[in-house]
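Enquirer: Residue-level listing of the chains:
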Amino acid sequence: MKKTFFLLAAATALAGIAVPASAQGMDKVKACFIYVGPVGDFGWSYQHDQGRQYVVEQLGDKIETAYLESVPEGADAERAIERFARSGCNIIFTTSFGYMDQTNKVAKDFPDVKFEHATGYKREHPNVATYDSRFYEGRYVLGQIAAKMSKVGTAGYIGSFPIPEVIQGINSFMLGAQSIDPDFKVKVIWSNTWFDPGKEADAAKALLDQGADILTQHTDSTAPMQVAAERGALAFGQASNMYNFGKETQLTAIVDEWGPYYLERISAVLDGTWEQSATWGGMADGHVVMADYTNMPDDVKAMAEETEASITSGEFHPFTGPITKQDGSEWLAEGEVADDGALSGMNFYVKGIDDQLQQ
Amino acid sequence: MDMTQAIILTIMTAATPLLLAAIGELVVERSGVLNLGVEGMMVMGAVTAFAVAQLTGSAGLGAIAGLLAGMVFSVLFGFLTLTLVANQVATGLALTILGLGLSGMIGESFIGLPGLKLATIEIPLLSDIPFFGRLLFDQDPIFYTSIVAVVGVNWFLFKSRAGLRLRAIGDSHSSAHALGVKVVRARYLAVMFGGACAGLAGAHLSIVYTPQWVENMTAGRGWIALALVVFASWRPSRALAGAYLFGAVSIGQLHAQALGLGISSQFLSALPYLATIAVLVIISLNRRMTLINTPASLGKSFVPER
Amino acid sequence: MRIELKKRDSLSSLFSILSPFIALGLTLIAGVILFLFLGKDPVKALYSFFIEPLTEVWSLHELAIKAAPLILIAVGLSVCYRSNNWNIGAEGQFIIGALVGSVLPVVFHGWESPLVLPLMLIFAMIGGAAYAAIPAFLKARLNTNEILTSLMLVYVAQLLLDWTVRGPWRNPEGFNFPETRNFGDYAVLPRIIETGKAHWGFGFALIAALVLWFVMRRTLKGFEITVLGQSARAGRFAGFSDKKMVYFAFLLSGALAGLAGISEVSGAIGQLRPVISPGYGFTAIIVAFLGRLNPLGIVAAGLILALTYLGGEAAQISIGITDKVTRLFQGLLLFFVLGCDTLIHYRIRLVLGTAHKGSAA
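Chains as they are written, first to last, in my numbering: chain U, 61 to 419; chain Y, 2 to 307; chain G, 110 to 470.
Pulled out of the complex, with its shape left as it was, chain U reads as follows (with noise of 0.2 Å):
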């Protein structure tokens, strides 16, 4: 009992003196990661993952790092969390929307430490900040590119669960494709799982036998990316460069890069000067980078790099009105754009697409 008190006291001491002031820089930073998924999915959790090796890159022996794969939502992650907490970490990402009460419930208990979330929208303690990317700014541009690609006018697009996410990226699809071309029709599969080949294989050869010759995903798999390439479509990787899988095949994918954020902020904590923050990177952040445009005339790599150059420069927003919601009402008037908060809880499809979402 004496020495358990002793343990006890003796973390909370440490957890007191562990980390300086703000004000003030450090030598050597700990920076801790917790992901949801195995690194090894080849997707969400593992661009992650390669964030955290680009700033082991830069900082070589300013930083010190550690992580934990497959953390179940739930009691799991709060341990995991508090864990990480209570072993000198001076940083931690937790990577999944899942996490997001958990990690304020740590963050509440070990003020010195810095949180930062994933896609959520709590930040209920001065030491919690959240950073999500505006992956919806690539959607648009794979819009177009599908507009001028497809040969049937119809694009297949594989999701995951409806969350606000992913139905901005199946909005921001149709809205880039109908600047083409009005009449442009996408044929949308919930798989309800971010994570399995086989069943996201099936999804793709459903869409494709039902007409679609251009496929596009919100899950993380390359499987899908596979089928297209069997079957002689066309597909947009997703999360990261599937170039390998379908090298006629890619057009261009989404990269989610989370190394220059995670860079900054760590960074942030070295020189003393992190601060609490809600980070929406896009294009212009280089959070959301194009792969290469591969398998298309010059003149669509060329429409495509300019609408990528406008939105980078913030010339452009994929959100701008005149935007008719599915229901036939309006959304945004002429030249209005979508605020954040009306982006970030978003629950209606635009009108167009062939699918209800459940309210």
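Honestly, I wouldn't trust all of these hints.
[To be verified] Example chain Y residues on the side facing chain G (calculated, C-beta under 10 Å, incomplete):
no.: 1; residue: Leu94
no.: 2; residue: Leu137
no.: 3; residue: Gly221
no.: 4; residue: Leu227
no.: 5; residue: Phe268
no.: 6; residue: Leu281
Note that these hints are calculated values from the structure, not bench results. Virtual Cβ for every residue (Gly too), placed ideally from N, Cα, C.
We have chain U already, so just place chains Y and G on it with the hints.
Expert: Relative to chain U, chains Y and G alone:
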């Protein structure tokens, strides 16, 4: 290839690994052994097949290696449950944990590499049959193996002496032993056959279905295979029907979604499971049939008395 | 050379105690080899795995949190397996229990009363039991094999939870993310002691284990369960009904799984979300058998398995191994424990020579 053919082909691809793993487990259970480690053996087959295909440049060698990996892995289960008579249910589950971990370690360096695909073999003349020719006779070797396995196991169990002995062991290992049947040896062989089938089913995933390696890529298919054995009431032909029914409903629900019918995707995703339950209920209304087929000593350990 | 087993006349009490230690010893040896092979310090690794989680108070609380659902579910399952009912759908019963138990804090969230929590627990047990009643009914009345039905219903339960959380029960203030509103204070399962996180789920687990241990050991019901499990025919001669036993076993294990579900949601998570279990219902099957289907053994087994999860995380951080290595190591540990249990029932002899000799002797 028209749309109907394409859909049937998709169903066949989805059903083949389920069928193979189920046929293997069916033989295991007919011998009275319950191996819940199908998922673990499958995932070991998947990673080994992918790795060997990458290293040798031959998907065919990969398939064989996957089969062997499943078999070797099943010997581990056999040693514990047959030699040391450890509890079969717990050992099978532990085998799955071990398999998921070990396959992840082996596969670490193969992530993100496009895989080799096992080539199809076109059977001359037969593949020219209108409509069915392309579907049935221009397929990959693992598909052919799955069909041969159904026919072969059916013949073995119900027409051969060795099969009769195996069923006798499954129904009462003590009586079979009293009659001089080598119970443990027969069960080892059955377990290894099950492992080989599961390994080959895993190989199908990583070199035919989706030629790539990613962790946990079996995604619960081993469990479905286990359920299919029960669904089949331990008869190979029904395992075939069950695997294709499950595959058909799984693919059908995706098409229903793509058509934009507006039915909740969760409900559609639940259909394969509900359909399997419903059909099994109908089958099991014929009570006598089920009882005859269920191996009576399933899951019970056996130690020869002397 | 081969291995020959000879049944002991009675269970070896010596090996009942020794076998876990032999298993541990073998695991340690295997662990040293494994970690040396991976180029990691084996002493540090094994310390992280088995000792470190036990050295700090917070970690002991986490151990209790992790073990609670495993024990609670496994204790119920032990009754099923002893009576020869193959319920492998506890995961689904866990989910439905959590779902039904959450009706009050989600749908009637305005109702704040000390009655809320007890009602939630009762609802959850009813929900879990009702869901388990489906395979029980199909088995008892229609003779449908329960392995398939209970397993398939797991997937259906997962999708039902998913649908509910994304649709009707979605938090109106949650930016359309799939989760319910957070439970109010009255709906949160209290902590056992105020200074630590462990909630009453662990208390329920211990109580359930003790009660069932008593039932199995000292009551006629326990005798009935064992007799029917060994032979339905013999049970019928003794005047027991195997059909009633199907219902009893399934409803009991379903209720306990449901209780585990609401305890996890109310005590540890604080809301419903699309995924609330990392597979407790399946892991509990191992726990049940590892504990030799004895409720008290299950408590020990649940704690040990929970320890390997916590230790696995500690080792991932302290020596930088991956999640896969911890799972491989967990699998090895289970193998050794299961294999060594043989010593309790059998004498093991290594026989030199050919296979034929033994059967002739």
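Enquirer: Hint by hint, say whether it matches the structure.
Expert: We went through each hint and held it up to the structure:
1. A hinted interface residue such as leucine 94 of chain Y counts as satisfied when its beta carbon comes closer than 10 Å to some beta carbon of chain G; here the least separation is about 5 Å, so the hint holds.
2. With a cut of 10 Å, the hint placing leucine 137 of chain Y at the interface with chain G is violated, because the nearest CB-to-CB distance is about 29 Å.
3. For glycine 221 of chain Y, the suggested interface contact is upheld, since its CB lies about 8 Å from the closest CB of chain G, less than 10 Å.
4. Below 10 Å, beta-carbon pairs count as interface contacts, and leucine 227 of chain Y has one with chain G at about 7 Å; its hint therefore holds.
5. The interface hint given for phenylalanine 268 of chain Y is met, as the beta carbon of that residue sits about 7 Å from the closest beta carbon of chain G, less than 10 Å.
6. Nearest Cβ of chain G to the Cβ of leucine 281 of chain Y: about 6 Å, under the 10 Å cut. The hint holds.
Hint violations for this structure: number 2 only, all remaining hints satisfied.
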